[in-house]
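Sequence order for the protein chains is A and B. So the mapping is simple: our numbering equals the position in the first sequence, first residue as 1, plus 309. So the mapping is simple: our numbering equals the position in the second sequence, first residue as 1, plus 569.
Hints may contain errors.
30 Å max Cα-Cα, derived BS3-like pairs, lysine-lysine [unchecked claim]: (1) Lys-341/A to Lys-319/A; (2) Lys-787/B to Lys-319/A; (3) Lys-327/A to Lys-341/A; (4) Lys-327/A to Lys-787/B.
To be clear, the hints were calculated from the coordinates, so they are not data collected in a lab.
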Amino acid sequence: MAIPITRYEKRLLYYLRKSYAAPLVDTSLLEKAINEARMELAYYIMQIRPEFLGGIVRLDSYNTVPATPNNDANILAYDGTGIVPIVWFRFALPSNIVEVKNVLVNVGDTWVEARRTIGRYEMISSWGVYGRPTSYQPSYIFRADGNGQYFIDIAGVSADEPWRVEVWYVRRPLYLNHETDDVDTDLPDFCFDAICYRAMSYVFQYLRGPADDKAAIFLQLYNSWLNNVISRFAVWNLRSIDALSNQLRAEYNVGVDRDLRRLSPSHSAVRRED
Amino acid sequence: MAIPFQLTVDDVIRQVRSTLLDYTDLTDVTYYDVADLVDTAYRRVCLRLLPYIPHAFETQVAVSNGTQLPSDYVADVRCVVGSEEEGYVPARRVDIREWQMVMDASVISFVTHAGIHQPVYTIWNGYDTIVANLQQPATFSTTQADIGIALISSPRIYIAPPGSSGYLVYYSIPSQIPRDAGGGIDTLTLLPLVGEFHTLVVREVAYDVALYIGLDRKELYAIRQLLEMTYSTVVQAYSGTPLASHPIYGAEVGSNIVTQHVENRGDTNNSI
Numbered sequence: 310m311a312i313p314i315t316r317y318e319k320r321l322l323y324y325l326r327k328s329y330a331a332p333l334v335d336t337s338l339l340e341k342a343i344n345e346a347r348m349e350l351a352y353y354i355m356q357i358r359p360e361f362l363g364g365i366v367r368l369d370s371y372n373t374v375p376a377t378p379n380n381d382a383n384i385l386a387y388d389g390t391g392i393v394p395i396v397w398f399r400f401a402l403p404s405n406i407v408e409v410k411n412v413l414v415n416v417g418d419t420w421v422e423a424r425r426t427i428g429r430y431e432m433i434s435s436w437g438v439y440g441r442p443t444s445y446q447p448s449y450i451f452r453a454d455g456n457g458q459y460f461i462d463i464a465g466v467s468a469d470e471p472w473r474v475e476v477w478y479v480r481r482p483l484y485l486n487h488e489t490d491d492v493d494t495d496l497p498d499f500c501f502d503a504i505c506y507r508a509m510s511y512v513f514q515y516l517r518g519p520a521d522d523k524a525a526i527f528l529q530l531y532n533s534w535l536n537n538v539i540s541r542f543a544v545w546n547l548r549s550i551d552a553l554s555n556q557l558r559a560e561y562n563v564g565v566d567r568d569l570r571r572l573s574p575s576h577s578a579v580r581r582e583d
Numbered sequence: 570m571a572i573p574f575q576l577t578v579d580d581v582i583r584q585v586r587s588t589l590l591d592y593t594d595l596t597d598v599t600y601y602d603v604a605d606l607v608d609t610a611y612r613r614v615c616l617r618l619l620p621y622i623p624h625a626f627e628t629q630v631a632v633s634n635g636t637q638l639p640s641d642y643v644a645d646v647r648c649v650v651g652s653e654e655e656g657y658v659p660a661r662r663v664d665i666r667e668w669q670m671v672m673d674a675s676v677i678s679f680v681t682h683a684g685i686h687q688p689v690y691t692i693w694n695g696y697d698t699i700v701a702n703l704q705q706p707a708t709f710s711t712t713q714a715d716i717g718i719a720l721i722s723s724p725r726i727y728i729a730p731p732g733s734s735g736y737l738v739y740y741s742i743p744s745q746i747p748r749d750a751g752g753g754i755d756t757l758t759l760l761p762l763v764g765e766f767h768t769l770v771v772r773e774v775a776y777d778v779a780l781y782i783g784l785d786r787k788e789l790y791a792i793r794q795l796l797e798m799t800y801s802t803v804v805q806a807y808s809g810t811p812l813a814s815h816p817i818y819g820a821e822v823g824s825n826i827v828t829q830h831v832e833n834r835g836d837t838n839n840s841i
């Protein structure tokens, strides 16, 4: 999990050395191919082993509670006596985020899992007197602003007391730059070969198109790797779910729906939303 | 005294040379280039064999809440939580969405709560970033937008109930072959693979070398076929299929292959 981009490039140059394409290839092309390959493989990895691409951001207001929280007149809720505006706070999230998995809010001594709401309409329409976000049942909205910046709005906490938020998320890998000699800390080591194969197929595709013989050879190697490694991991996950299902059935007389296997790429089948 | 059959990197390189003699004299490739290919190829073999002989790749490490897992971690097998004095209890792996639910005693029943007798664990990366101030939309800056840029070397394990520790058994892929100060591989290093899989390593490296020296497609295909046939044999053997029914090495089909091979040599008539 610490492979410098130069190591990828060295391997690609190995493969290119005797090729007709060698004089046409420069570092920027290799860099582009490597990063595209990493990005593609990451989407497989995050489905079967999301922990490799997980991340946690802790947003802390303990020291800097703003005097005036960010109010939005569009977010309203019924509090039993009338329509009142909801106080909410906005945080910037990492630009490489893919999905928020869990949001935990800490007020006082306890951590509480925040409820996800899809949009502001839902906030207005479905929170009644009892569903209104409070420090015991905070809510959040996760979305982008259209310019590639993701953010999260937290409702239910106030500016009167300090609080913390933890966002557990899945991210995509960061772009590795040859100039700054970046190190790949996103993807696990065992992906090295697959990344090289895919990057090589990209290189030949850039130069001659997908019909190129060499592109086909490396694409085949990449597909073979996916079939032999990624699919086997997926089978493991299915077996784990089956085993858990049997255990639950034996101990508590409840089963896990086998259809869940299609929904759950993770190791555990028991999830709150299910 | 008999010793376990193991190959060094140097042995593999010699066998690769002899495997490829029909195709090339290997003047295009240096000794240390091949050694470098051995380094990745044997780990690729391990990764591919892992689902079939998982017991060969199980490793154990002592963990506590927040422990960063070793870089050779591939997947978890089981986690036991406890102590030598009080004994160990197997922990249940939970999804991160379930993690907080089993920790929070106020909202869940005692049945699923993570206690000392029914511990749980989860594996996730973090913490990577701490943002110490609230962000208003108008004040996004480049630095704040790029807070994902953080060095995360490997996932961490989180164990509940708080304060507990134990052992994690996980599947691992061997790390890189030791290198000297100049980055060269120590070619006298023994590969940590048992003897029956050495053919796989040799043929994987041979294929890599063939790609490296730019053999044409037909020759590459021939070497690849040889490699896949070897994989197929091992996989069939370890996935519970009797070797006798193997399509190549089985009794009936296998004998045909042998016959055909002999006929191709052209000496069948003489022998008869």
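For each hint, the structure was consulted:
With a CA separation close to 14 Å, the supplied pair Lys-341/A and Lys-319/A stays within the 30 Å bound. Between Lys-787/B and Lys-319/A, the direct Cα distance comes to roughly 26 Å. Compliance with the 30 Å bound is thereby established for this hinted pair. With a CA separation close to 21 Å, the supplied pair Lys-327/A and Lys-341/A stays within the 30 Å bound. Restraint check for Lys-327/A and Lys-787/B: the C-alpha separation of about 16 Å stays at or below 30 Å, so the hint holds.
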